[in-house]
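Input sequences plus hints: build the corresponding full structure.
Taking this note's numbering, the leading residue of the sequence shown gets 7, the next gets one more, and so forth.
Keep in mind the hints are simulated off the structure, nothing from the lab.
Since the structure is predicted, the reported quantities are computational estimates derived from the model, not experimental observations.
Ideal Cβ positions, reconstructed from N, Cα and C, are used throughout, including at glycine.
It is possible that some hints are incorrect.
Derived DEER-like restraints, expressed as beta-carbon distance ranges [as the list claims (entries may be wrong)]: (1) D499 to A456: 18 to 24 Å; (2) D292 to E240: 19 to 25 Å; (3) D292 to N35: 43 to 49 Å; (4) E360 to G257: 20 to 26 Å; (5) A370 to H411: 49 to 55 Å.
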Amino acid sequence: MFKSLGLQAKMVLSILIIAVVVIVLLGVNAYVQYQSQYQTTANNITADLQSDMQRRLQKKLDVGITNAISFSANRELTRAVKYGDRATALRILEDISNTFKANTDFKNVNIHIHTPDNRSFLRSWSPEKNGDDLSSFRFGVQKVIDTQKPIAVLELGRAGLAIRGITPLFDGDSYLGSLEFIQGVSSIARDYKSKDVNYALLLNKYALSISTKAQKNTPVGEYVLANESWFTPETIAMAQAINWNELNQKGWLIQDGRLITQAKVEDMQGKLVGVQILGTPITEFDTKMTALKNDSIKQEGVMFGVILIMSLSIIFILRSTVIRPVKNLQTVMEKVTQKGDFSARMQLNDNQDEIMHLSADFNALMDNTQQIIKETSETMQAIRNGVLSQRIQISTVGDLDLLKHAVNGTAETLENTMGTLGYALSELGKANFSTKITLDDNSKGAFKEALSNAQTTMSTLDSAISEINQAVALMADSDFSRPVSVTLTGDLDVLKKNINQALSNLQSGFGSFNGSLTNLIDGDLTAHVEGPYKGELAVLQKTINTALTNISTIFVDIKETSESALSNIQKLTHGNENLNERTQNQAASIEETAAAMEEITSTVQHSLSNSKEANELARLAR
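This is the structure:
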């Protein structure tokens, strides 16, 4: 469908598509940026919350070590520990605890005093329990024993995880043991609750292996609450509904209108013992994201307006500077393509943009095309009239130059070919068949085929005339054994066949004539000349056959005469034999018999003379 649209429609549609794509991309970009900012804002809030939790824990640690040091400075408490007076020590701790409850937020102050060998001396919350060995899990106490310096640590106890400030107890230079100020996180939870923020501390399985009393606390996912009394039911419900996979993956999640995050909790040995979770209302988060969304919508609206104005401006500019000139060019080109009017030209103005350059180039192309068409027409007209020297002279480039060289090359090849063929025909008219035609390297196709055929014709004629001349020359010398052997076609083949037939007839006739005469010499007078000869050969055939017939008749007569003479001779021979028998008895008759023999001999010689005359006549007849 797009292909069938006009240029203006295509450009408008393309601009609109680009505008829509840009707007969509801007929207996608805004959405991506919003999501990125969403993540960034959530991460920033999460980082702030985690920092706040760590800050509050650190504050509790600082308070713990400060209070522990202040308690250790109580001389009365130090003397009670020195002398093992647990009752006095307990009373002092209860007084301190009451003072804290009355004047501070510490409503449940727990103090634990340890002996130098890491055993329990006194627990303020459970004074009846003492003397138990703490060295297997109270590493903070052991560190104070080793260093005899105060520390603040997160450390597990049997009851759970606690914030512990531990300081050494001295009596002068004498080390009496250590005092531990124990805090929970209930104050942190209460403080967060006052701000509508839910906070909880959870213990993992490793922590429960030490904090055995916390194993039955409320489970939360794979954790349990660090203490049942520290956290509100709302906080516990929030913790139990957490999607821990999402929280662990992102570090935060939004659930039931709260942004929830977590922070790992490690003990003094760096072992992970649990997590802190914090859920704050998303009011601040929503405010920031709403402001960001409004900014994005405003930016999108501004960009949409800018893109719309730019698109309309581009369409207007393209319509006036491109579409209209292109339509004019299309109108001019239609005159050229549909009507063959190569005189059509574009109107030019003073603009120096690409359209005007295109129009000027088009006009120049039309000028060159019109001129080359004119000269091509003139050249082809000249060729039709037999003038092969006409050429296109206009200066051209590119495809027009190829056309010019093609036409001029064709004219030149045609001129060369016709000149060569004319020369060949002239030589044929002079019966000069030995003329050679040189094939030009530029001759191709039908031109080359015509020259090649002319060369073949000249060569064929030269070969044919040469062999015919040789055959006729040998015929003049009475040699009829050399026929024309060259391969010929058409009338030349007919001439060749006639000459070869004449040679064959002459050779056959004279062979027959010679055979008959040879037989005659050998005394065979019955061998006549056989064959359907015509013309003079037929006359000669008839003459020889007549002569042979006459000679045969003569020899028949001679034969009969010879046979008669032979019979007489045989009779005489018989008489001679009888005479010889009487030789001894009739010696007188010998002379008479000799005379008779001489007469017979004369007769035989006469017969032989007649035979020789007949043979001579036969020889003359040949």
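Just pull the numbers of the violated hints for me, sorted ascending. 3, 4 and 5
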